[in-house]
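Colleague: Each chain, letter by letter, is given below.
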Amino acid sequence: MIYTKKSPALLIIGVMMLLWGWLNASGGIDGMQRYLQKSAYSDHMKVKEKFDAELRVATEIATAEGKPAPVMKMPKSKFDAAKASQANLSYIFGGIATVLGLLIMVWTPKEGQFDYYLSIFPGMAFILLIAFIVRWGLDPIFANWGKDAKDTLGFDFAHIFNLNYVVLGIVIGIVIVNVFKIPAWAANGVRTARFFLKTGVILLGALYSATELAQLGGLSVIMIGIFVLGSVGVVLYMGKRMKSGNSMTAVLSAGMGVCGVSATVAASPVVNAKAGEIAYTIGTILIWGVGCMFLFPTIGHMLNMGPVQFGAWAGTGILNSAQVAGAALAFDPHGIETLKVAEIFNITRVLFLPIIVLWLAAWYVKHEAGAQKVDLGKVLLAKFPLFVLGFILLFILSTLGVFTPSGHYQGKYFSSEEIKEDKLLKGKETRAIEGELARLKEPAGAKQLQDHFAEKAINIGQRHATPDDAYKGLADLIANKKMTTREQETLLAAVGKMKGLDAVAASSIDKASKAAYHSSKTISAFRDWLAWLFAFGLIGLGMQITMAALKQAGGTPLIIGGVVGTGKAVGSLIVVLLFVKEFI
Amino acid sequence: MKTPLKLLLCHHGTAGANRAEALAHELTVPGTTMIVHCLVVPELWAGMQGDDWLNNASTRDTFGSYVENMLENDARRELAGVAGRCKERGIAYEAVMRLGEPADVVLAVATETGADLVVIGPPRRKGEEGLRSRMDLEKLVRGLKCPLLIAPRP
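First to last, the protein sequences are chains A and B.
Read left to right, the first sequence gives residues 785 to 1368 (my numbering).
Read left to right, the second sequence gives residues 1293 to 1446 (my numbering).
None of these hints come from the bench; they were simulated from the model.
Treat the hints loosely; a few may be bogus.
Distance ranges between label pairs, derived from CB positions [claimed, not checked]:
#1 ASN1310(B) x TRP929(A): 40 to 46 angstroms
#2 ASN1310(B) x GLY1154(A): 44 to 50 angstroms
#3 LEU1079(A) x ASP1366(B): 33 to 39 angstroms
#4 GLY1392(B) x ALA933(A): 42 to 48 angstroms
#5 LEU1441(B) x ILE1010(A): 54 to 60 angstroms
#6 ARG1390(B) x LYS1027(A): 34 to 40 angstroms
#7 LYS822(A) x ASP1428(B): 22 to 28 angstroms
#8 ALA1349(B) x ALA933(A): 44 to 50 angstroms
#9 ARG1369(B) x ASP1159(A): 40 to 46 angstroms
#10 LYS1431(B) x LYS1150(A): 57 to 63 angstroms
#11 LYS862(A) x ARG1390(B): 36 to 42 angstroms
Below, computed lysine-lysine pairings styled on DSSO-like, alpha-carbon distance capped at 30 angstroms [claimed, not checked]:
#12 LYS1437(B) x LYS965(A)
#13 LYS822(A) x LYS1281(A)
#14 LYS1431(B) x LYS1024(A)
#15 LYS965(A) x LYS1298(B)
#16 LYS830(A) x LYS1212(A)
#17 LYS1418(B) x LYS1058(A)
#18 LYS1210(A) x LYS1281(A)
#19 LYS1335(A) x LYS1431(B)
#20 LYS830(A) x LYS1210(A)
#21 LYS1225(A) x LYS1305(A)
#22 LYS1204(A) x LYS834(A)
#23 LYS1365(A) x LYS862(A)
#24 LYS1335(A) x LYS1418(B)
#25 LYS1204(A) x LYS1298(A)
#26 LYS860(A) x LYS1365(A)
#27 LYS1212(A) x LYS1162(A)
#28 LYS834(A) x LYS789(A)
#29 LYS862(A) x LYS931(A)
#30 LYS1431(B) x LYS1027(A)
#31 LYS1431(B) x LYS965(A)
#32 LYS830(A) x LYS789(A)
All values derive from a computational prediction rather than experimental measurement.
Ideal placement from N, C-alpha and C gives every residue a C-beta, glycine not left out.
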């Protein structure tokens, strides 16, 4: 079979990308970018004003000294960086697409591996083009419209209804597959969306600290354990009461309980689900999942939820796993804290999947006459999600300091050696700290320190911090004009937050703390790539949601799904609001 | 009514399809009429893995093969049933099985086989159980070059 379709589509997409890159690099669309990148452009104007002033002063000094006017280069603003990033990405991917597009036009495809792998590029470029349009065009346009209409409407509709690149991308994917159909030349590439989504989850592993993973892992096991087992149990009970068939009940409980369509796909062959039962279940889950993806983030914003609360709620309450990632990114499209929480819940769900499939297989064998027993080991092995191993590997590598010095927190790490000269404390600042050090050495000051450390439970290693630790830390800070160890920084950061401390001294300590932490370039790049990978994956998955599948929702599955889906969403919301606090 | 020489019967095992089959048998004359049995596997099955992304390729393949086998077995059972009943009555029989949108497939098969009459079952009532893959009657009526007969409800 020949997979590569002879079509100029990839070449056209490549040329469009190259053109966009050139327009950005040459400044040909600066007017449009000023509208699209309003905040970055305002930064650009500030940088320009500062640079103009510095240049004017330097020129005046040079003129007074009889020297020629200095040549200075304006530092890059966020606006410049945004345009450069768009140009670079467009050049890289546009270049690849153009070369491969030309190859498709001139090459006569022959059966084989090369034909197969070449056939996926047009579809990938198609999704990437949509991702570019949505992330660089529609997302900022809707954000601007939302702000412009705020005075009239009284609220920012783009923020409340989450009209950001994630939601818009998924919607465009759904519209394409249902209205226009996926073009034949793109069909193979569109299927790679799953691979990129899994790659995103694997990369995400590098962004967790051990503490975060332990806390989120514990919380997710409890929440998922209760709600997964609870939903599976409720569906089994309702199925029996409503006289639904055994295979129908089993496949529905997997879908409603664990991770939606993925669980249905995994469980159907094991419980001998019939064609109609599979169609009803998947239709119900999809319609419920898509609805939740739009509803959850809006409710989350209205309830002013934080990343941990929303991630935990979406990760537990949304039936279908693809929409969990979508809802998390829709809620917080420009940060990844919510996604990090939600994905831990997704991973916990998928780890529960083989166990639930086994449970349902055993349940089915017990209730269905003539049902064949399944090989437990074989099911466990076949259903084990291998990408979770990749996630764990990235987490271990990150914890060992392969990407950034170990002990980093959200990509930031402590390093005294890397503090730049201009970030060292100035004379006025060290003098303010000296004044506070002298005051804190007085009996009243020592008592204030003692009480503050006790109240905030500040420790040095295994023991409680004492005023003497603070005196030594402050003296070292004055002597070195910077923080030298992480312990010193932790201790003095606590001192800096003490009530009644001189404002200059407090801000100087804060400045020294911030100067000692550095962002890992590798982790920053990971964060940026993650946003692209998830955008790409979710647009591609949007293209798999067909109206024909959604229309199958109905009958008993819709009734049971409605009851269990609502119960799960409302129940997990109550639990999250009552018991889950923000801790990362 | 003129005896049809080639009657295209749309049959996929539902109650409505059984009525269409009964009607077709009333109209056929052994030795004169041939029944072309058109069985459409709805295209919706192509998108039935939905947006599953957590499963590994082997689980998805297992699911795909499972659904394919099940649909194939169902289809073969239907084909064998209609073929058997035609044989009992001495009516010539031919089967065509296709994946696609029902109306598109019927139009294509009617043209390819040169059918002079198409017989289908009545549309399902709203809320009645079954896959939601309805025949686009308007498209069918506009596109057919031969008469269309819809079996009545009981």
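Colleague: Hints first: check each against the structure and report whether it holds.
Modeller: Taking the hints in turn, this is what the structure says about them:
At roughly 56 angstroms, the beta-carbon separation of ASN1310(B) and TRP929(A) lies outside the given 40 to 46 angstroms, and the hint is violated. At roughly 27 angstroms, the beta carbons of ASN1310(B) and GLY1154(A) sit outside the given window of 44 to 50 angstroms. Against the hinted window of 33 to 39 angstroms, the Cβ-Cβ separation of LEU1079(A) and ASP1366(B) comes to about 37 angstroms, which satisfies the hint. Here the CB-CB span from GLY1392(B) to ALA933(A) is close to 45 angstroms, well matched to the stated 42 to 48 angstroms.
For LEU1441(B) and ILE1010(A), the hinted distance range of 54 to 60 angstroms is satisfied, since their beta carbons lie about 58 angstroms from each other. At about 35 angstroms, the beta-carbon gap between ARG1390(B) and LYS1027(A) stays in the expected band of 34 to 40 angstroms. For the pair LYS822(A) and ASP1428(B), the supplied restraint of 22 to 28 angstroms is violated, since their beta-carbon distance comes to about 48 angstroms. As the Cβ distance of ALA1349(B) to ALA933(A) is approximately 46 angstroms, the hint placing it in 44 to 50 angstroms holds.
The hinted range of 40 to 46 angstroms is not satisfied by ARG1369(B) and ASP1159(A), whose Cβ atoms lie roughly 28 angstroms apart. The given range of 57 to 63 angstroms is broken by LYS1431(B) and LYS1150(A), whose C-beta atoms sit roughly 48 angstroms from each other. At about 56 angstroms, the CB distance of LYS862(A) to ARG1390(B) disagrees with the hint of 36 to 42 angstroms. For a cut-off of 30 angstroms, the pair hint linking LYS1437(B) to LYS965(A) stands: about 28 angstroms separates their Cα positions.
Proposed proximity of LYS822(A) and LYS1281(A) is contradicted: the alpha carbons are some 35 angstroms apart, above 30 angstroms. Distance restraint check for LYS1431(B) and LYS1024(A): the Cα-Cα separation of roughly 42 angstroms exceeds the 30 angstroms cut-off, and the hinted pair is therefore not satisfied. Proximity of LYS965(A) to LYS1298(B) is assessed by CA-CA distance (about 34 angstroms); at most 30 angstroms being required, the pair is judged violated. Distance hint between LYS830(A) and LYS1212(A) is fulfilled; the C-alpha atoms sit about 27 angstroms from each other, no more than 30 angstroms.
As the CA atoms of LYS1418(B) and LYS1058(A) are separated by approximately 22 angstroms, the hinted pair is consistent with the 30 angstroms bound. Restraint check for LYS1210(A) and LYS1281(A): satisfied, since their Cα atoms lie roughly 20 angstroms apart, inside the 30 angstroms limit. For the suggested pair LYS1335(A) and LYS1431(B), the alpha carbons sit about 20 angstroms apart, so the restraint of at most 30 angstroms is met. Between LYS830(A) and LYS1210(A) the CA atoms are separated by roughly 25 angstroms; this keeps the pair inside 30 angstroms, and the hint holds.
Straight-line distance between C-alpha atoms of LYS1225(A) and LYS1305(A) comes to about 41 angstroms, which puts the hinted pair past the 30 angstroms bound. This hinted pair checks out: LYS1204(A) and LYS834(A) have alpha carbons roughly 21 angstroms apart, not beyond 30 angstroms. Only pairs whose Cα atoms come within 30 angstroms are accepted, and LYS1365(A) paired with LYS862(A) is rejected, the gap being roughly 34 angstroms. For the suggested pair LYS1335(A) and LYS1418(B), the alpha carbons sit about 13 angstroms apart, so the restraint of at most 30 angstroms is met.
Simply put, LYS1204(A) and LYS1298(A) have alpha-carbon atoms about 12 angstroms apart, close enough for the 30 angstroms limit, and the pair holds. The suggested pairing of LYS860(A) with LYS1365(A) is violated, with an alpha-carbon distance near 40 angstroms, which exceeds 30 angstroms. Distance check on the hinted pair: LYS1212(A) and LYS1162(A) sit about 70 angstroms apart at the alpha-carbon level, beyond 30 angstroms; violated. For the suggested pair LYS834(A) and LYS789(A), the alpha carbons sit about 54 angstroms apart, so the restraint of at most 30 angstroms is broken.
Among the hinted pairs, LYS862(A) with LYS931(A) is consistent with the structure: their alpha-carbon atoms are about 21 angstroms apart, no more than 30 angstroms. Distance hint between LYS1431(B) and LYS1027(A) is unfulfilled; the C-alpha atoms sit about 39 angstroms from each other, more than 30 angstroms. A threshold of 30 angstroms between alpha carbons decides the hint, and for LYS1431(B) with LYS965(A) the separation of about 19 angstroms falls inside it, so the pair holds. Our distance criterion of 30 angstroms between C-alpha atoms is broken by LYS830(A) and LYS789(A), whose separation comes to about 51 angstroms.
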